[in-house]
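Visitor: Sequence:
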Amino acid sequence: MDRSENIEKLAGLLSADEYGDIIAETLVEILAEERKRNIFVTKLQDLKNEVRTIDRKITFTPMEQSVLDFVIAMKQPLNASEVSKGMGAVYSSLQHRTHASSVLNTLVSKGVLGKIKIGHSYYFTSPDEAVRESLKKRGEEPDRCSPVRIGDETGLPLAVVLEVIGGLLG
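Just so you know, we're using the numbering used here here: the sequence shown kicks off at 800 and counts up by one.
Because the hints were derived from the structure by calculation, they are not lab data.
Note that the coordinates shown come from a computational prediction; the quantities given were computed from them, not determined experimentally.
Built from N, CA and C at the ideal position, the CB exists for glycine as well.
Any given hint might turn out to be false.
[Said to hold, decoys possible] Capping the alpha-carbon separation at 25 Å, the derived lysine to any residue pairs in SDA-like fashion look like this:
1. K884 <-> I871
2. K874 <-> Q894
3. K909 <-> I871
4. K884 <-> D868
5. K856 <-> P946
6. K884 <-> K856
[To be verified] Pairwise CB distance ranges, derived in the manner of DEER restraints:
7. R851 <-> I822: 17 to 25 Å
8. K935 <-> I871: 19 to 27 Å
9. K856 <-> G811: 25 to 33 Å
10. I871 <-> E832: 41 to 49 Å
11. R896 <-> S814: 50 to 58 Å
12. K856 <-> S814: 28 to 36 Å
13. D854 <-> S803: 22 to 30 Å
14. R802 <-> V947: 23 to 31 Å
15. V827 <-> I917: 37 to 45 Å
Construct the entire structure; sequences and hints are all you get.
Guide: Have a look at this one:
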C-alpha cells in the first residue's frame with residue numbers, strides 16, 4: 800500500500816469511527832509540533848509492538864506453569880517469599896526469593912498474573928483481582944478509569960487490562 804492509500808484509508812477509518820473527530824483533532828495537535836510528534840512516533844511504535852503480542856499464543860515453561868497454578872490455587876495474593884516457600888521443594892531454584900520473583904514477573908509480563916503493592920511488597924494474583932484492587936485503590940469505576948495507569952500499577956499488558964475492564968462492565 801502506498802502512502803496516499805494509507806492516508807485515504809486512515810481518513811475513511813476516522814470518518815466511520817464514533818470518536819473519529821476527537822482522534823483526528825488530537826492527532827493534529829500532536830503532529831503540528833515536532834517535539835510532540837517525536838514522542839508520539841516513539842509511543843506509537845511501542846503500541847504497535849504491544850498490539851502485535853495480542854494474537855501471539857502464550858507458552859509457559861513447566862516451572863512457570865507450576866508457579867501460575869500454585870498462585871491461582873491459593874486464591875489470595877502471594878508475595879515472592881510465599882511462592883518461594885511453597886514451591887521451593889518442587890523446584891530447588893525457587894528456594895531463592897529472587898528467582899521466584901523473576902518467574903512471577905515473567906508471568907505478569909505474559910498477562911496471566913497481575914501484581915499489587917501492599918505496604919512495601921508486591922503481591923501476585925489473578926489479572927482480575929489486580930485490576931479490581933487497582934480500581935479500588937485509585938477510587939475509580941470501570942467505566943471511568945485510566946487503563947494505562949492501571950497497567951503500569953499492575954504490570955499487566957494494556958490489552959489484558961482492557962479485557963478485564965470490559966468483563967467488569969459487561
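Visitor: Look at each hint and say if it fits the structure.
Guide: Each hint tested on the structure:
no., hint, result
1, K884 <-> I871, "16 Å, holds"
2, K874 <-> Q894, "21 Å, holds"
3, K909 <-> I871, "15 Å, holds"
4, K884 <-> D868, "15 Å, holds"
5, K856 <-> P946, "23 Å, holds"
6, K884 <-> K856, "30 Å, violated"
7, R851 <-> I822: 17 to 25 Å, "21 Å, holds"
8, K935 <-> I871: 19 to 27 Å, "20 Å, holds"
9, K856 <-> G811: 25 to 33 Å, "32 Å, holds"
10, I871 <-> E832: 41 to 49 Å, "47 Å, holds"
11, R896 <-> S814: 50 to 58 Å, "54 Å, holds"
12, K856 <-> S814: 28 to 36 Å, "35 Å, holds"
13, D854 <-> S803: 22 to 30 Å, "29 Å, holds"
14, R802 <-> V947: 23 to 31 Å, "30 Å, holds"
15, V827 <-> I917: 37 to 45 Å, "43 Å, holds"
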